[in-house]
Amino acid sequence: MVSETTIPEISFASVAKHFRNGSAVLQDISLNIERGEFVTILGPSGCGKSTLLRLVSGLSPASDGAITVNGMTPENARQLMGFIFQDATLLPWRNVEQNVGLGLELEHAARALRKERVLQMLELVELGHMARRFPRELSGGMKMRVSIARALVNRPRILLLDEPFAALDEMTRDRMNEELLRLHAEQKWTVLFVTHSVAEAVFLSTRIVILAPHPGRVAHDIPIDLPWPRTAETRESAVFEEAVIRTSRLLRGVQHA
Amino acid sequence: MTKRLWLMVNSVIVLVCLFGLWQVLVIWKHLPVYMLPGPGVVLAALVQKRASLLNSLWITTEEAAGGLVVSILVGIGVALVFAQWRWLRQLVYPYTILLQTVPIVAIAPLIINWVGPGITAVMVVTFIICLAPIIANTTQGLISVDRNLLDLFLMHKATSAQILFKLRLPHALPNIFTGIRISAGIAVIGAITGELFAGSMRVGEGGLGYAIMYANSQLETAYMFALVAAATVLGFSFFFLVMFFEWLALHNWHESKRQAASE
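Chains as they are written, first to last, in my numbering: chain A, 1 to 257; chain B, 1 to 263.
Please keep in mind that the hints were generated in silico from the structure rather than gathered at the bench.
One thing to keep in mind: the hints can contain errors.
Unchecked claim - Below, a list of computed lysine-lysine pairs in the DSBU-like style, where the Cα atoms sit at most 30 Å apart:
#1 A:Lys188 - B:Lys3
#2 A:Lys115 - B:Lys166
#3 A:Lys115 - A:Lys188
#4 B:Lys157 - A:Lys115
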C-alpha cells in the first residue's frame, strides 16, 4: 500500500518522440500523473496529443526518455489500461454484447464470467436492452457508450481517451461527459483525456495540461478546482465560465507563439 | 410488395414480347430452321433431347462448380499469405494479375497436354480464370482493416491468429463475396470455353460447350439454341446462388445489405 501511493500512476521523464523522417513530434515531456486524477491534454492540432496517448498505451515506443505506468513499462502495464478511440470502432459483424465482450474473449476469460461482466457493463452504460442489436442499428451516442463499456469490461485502472466525443452533437456530448464523470466517481480510474474542446476539458478535469506545437511540449499545467459533483448546472456557473475563459486564453497564447 | 409484383409482371410481358418478335421475324423473313429456328422449334428440340441436354448441363455444372470451389479455397489461401507477409505480397501480387490477362484460349491446348482431355482439364481452365478476382478482392479486404481496430486488438495482446480470425477475415467477408460473385459469373463461361477444346473423351458426349459445337457441326441449330439457353440459365443460377449465400452471411450487419433487410 505504501509503495503504491509513492509511485505515480503515469510518469513521463524527459520523453521525446521523433518520426522516422527525424521530425520531432514531442520533446522533453516530463509529467507525473497521480492515481485517480482526471488529466486532459489540450493543444492545437499537430501538437502530438494523440501521440502522447499512444506512447502511454505502449502502442508506439518513445524515442527518448522513459514512461512508466504504475512503475512498469507501458507494454507490461497494458492490462491495466483501457483505450477509447475517436470513433466507436465497433466490429460491425458482432452484436453489442459480443463487441463489449471482445477484450475478455481475446484474453480467454471464462464464458460465464464474460457473460456476467458484459451484462454488468451494459447496465452501467444503460444499454442492457440493446445487447442483441448490431452497431448499425445504434445512434452515434449509443455506439460511443458501447465503446466505453468495451473499454471498462476488463476493469482498467487507467483510461486513455482520444477525442472520444468529437463526432457527437453537442447535446449528446454534454450528456456523455456527465455520464463519464458519474462512472469516474464510481470506478475511480486515472484518466488521460485528449480533446479540442476547452469547455469539455474544464468540465471533466482535475487538471489540464496544455501542449505547445512544433514540437509538442508542455506549455501550461493548471489545476481545475471546480466543486464536485459536476452537473449540467456546473456549466452555467460563473466559476466555470471564468475557468473556460482563462484556459482559452492560455490555449490561444500557445497557438500564436 | 405490389411494386415488386408489378415489376415481375412487366418483366414477363417484356419476355413474351421478345419471343413474339422473334417468331414474327422467322415467319416474315421465311428463315430456314438451320439459320434461325423459331421459339416453338427450339422448345420442341429442348423437350425432345432433354436427356442429353440434362446430361451436358450436369457435366458443365460439375466442371464450373469444381473449378470455382477450388479457386475460392486457393484464392483465399493465397490472400491470407499475402495479408500476413507484406514483402511477399509486394513481390508476388503483381504477377497474379497475369492470371487475368493470360489468353485462356491460347493455353488450353497446353493444359490438355498436361492433364489430358476431359473434366479435369476443363476444371483447370475454370480454376485459372476464377482465381484472380478472388485473390484481388480478398487481399484488399484483409489489408484494409481500420488502424484503431488493430490497436484495440494489440491493447489486449491479441495473437496474430486472433487478429486474423476475429478481425481480418470477418472484415474481409464482403470483399470475399464480391470476388466470388465475379468469379461465379465467369466460371460457367470458363467451363464452356474449356469444353470447346477439351470437353469430351467420347464422340457425341460432353458438357454444354462440347454439345454446342457438336450440334453446330450437325446443323442441329434448334438444339444449339436450347443448349445456349441452358448455359445462360446455368450462369444465372451460379450468380444468384452466390448472392443468396452473401445475403445469408451479411444481411444482419453489413451496410450494403441494409436495404434488403429493412424491406
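Each hint tested on the structure:
1. A:Lys188 - B:Lys3: 58 Å, violated
2. A:Lys115 - B:Lys166: 18 Å, holds
3. A:Lys115 - A:Lys188: Judged against 30 Å, a Cα distance of about 23 Å means the pair holds.
4. B:Lys157 - A:Lys115: Measuring from Cα to Cα gives roughly 21 Å; hence the hint holds.
In the structure shown, a violation is registered for the earlier hint numbered 1 alone.
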